[in-house]
Amino acid sequence: AQSVAQPEDQVNVAEGNPLTVKCTYSVSGNPYLFWYVQYPNRGLQFLLKYITGDNLVKGSYGFEAEFNKSQTSFHLKKPSALVSDSALYFCAVRDRTGANNLFFGTGTRLTVIP
Amino acid sequence: DSGVTQTPKHLITATGQRVTLRCSPRSGDLSVYWYQQSLDQGLQFLIQYYNGEERAKGNILERFSAQQFPDLHSELNLSSLELGDSALYFCASSVVEETQYFGPGTRLLVL
Chain A
1 AQSVAQPEDQ VNVAEGNPLT VKCTYSVSGN PYLFWYVQYP NRGLQFLLKY
51 ITGDNLVKGS YGFEAEFNKS QTSFHLKKPS ALVSDSALYF CAVRDRTGAN
101 NLFFGTGTRL TVIP
Chain B
115 DSGVTQTPKH LITATGQRVT LRCSPRSGDL SVYWYQQSLD QGLQFLIQYY
165 NGEERAKGNI LERFSAQQFP DLHSELNLSS LELGDSALYF CASSVVEETQ
215 YFGPGTRLLV L
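Residue numbers (our numbering), protein chains in the order written: chain A, 1 to 114; chain B, 115 to 225.
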């Protein structure tokens, strides 16, 4: 069975500092991993994905994520946080058993402090 | 803007009632997915349609059903509504197995 875990419900970071939002996964076979962001009263916006290839994936708004197979992690990172990055972030893994639906983590609320 | 549209944005109804949520996928996307987001259950996959046919089912209650029409828009029908059905319902679309793009959601409140 596929699953993802986001161990931190809340992450606070000062504006201009680097940020990391953690995600670990459990899948059978090669994972398809995703990060989405949800702003208040908005839908989920796609940030980036890892399918295969380079372990460092670059995405929208300056975000990147590093796939680490040995640690089964896919942490989201940004070198310099902006106040506008404050939102709810979801890690997801795609079902590899035939359907293509996503299994989401519980979400991490990122607050960037001015 | 993802290109996925959902109507209505908000819906308030009473227990026991039936509602229909509508989703129009991005142009060219054949797959439509429905997800439910609630405080206690998080984001959960409900059902997927591909080019008019049901492709996968997740944690969808028997009181809920969906369909995808020839023009590829989809409807999610929720019946015999209970207080616990109050949630944000998202539709997403994709080109076969590619990235899913989400609509803005329909917020359902059952009183």
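Don't read these hints as lab results, they were simulated from the structure. Please note that the accuracy of each hint is not assured.
Simulated pairs of lysine-lysine, DSSO-like, Cα-Cα distance not exceeding 30 angstroms [stated by the list, open to error]:
| # | chain 1 | residue 1 | chain 2 | residue 2 |
| --- | --- | --- | --- | --- |
| 1 | B | K123 | B | K171 |
| 2 | A | K58 | A | K69 |
| 3 | A | K49 | B | K123 |
| 4 | A | K22 | A | K58 |
| 5 | A | K49 | A | K77 |
| 6 | A | K49 | A | K69 |
| 7 | A | K69 | B | K171 |
| 8 | A | K69 | B | K123 |
| 9 | B | K171 | A | K49 |
| 10 | A | K58 | A | K77 |
| 11 | A | K22 | A | K49 |
| 12 | A | K77 | A | K22 |
Since this is a predicted model, take the numbers as computed values, not measurements.
Q: Against the earlier hints, flag every one the structure doesn't satisfy and list their numbers going up.
A: 8
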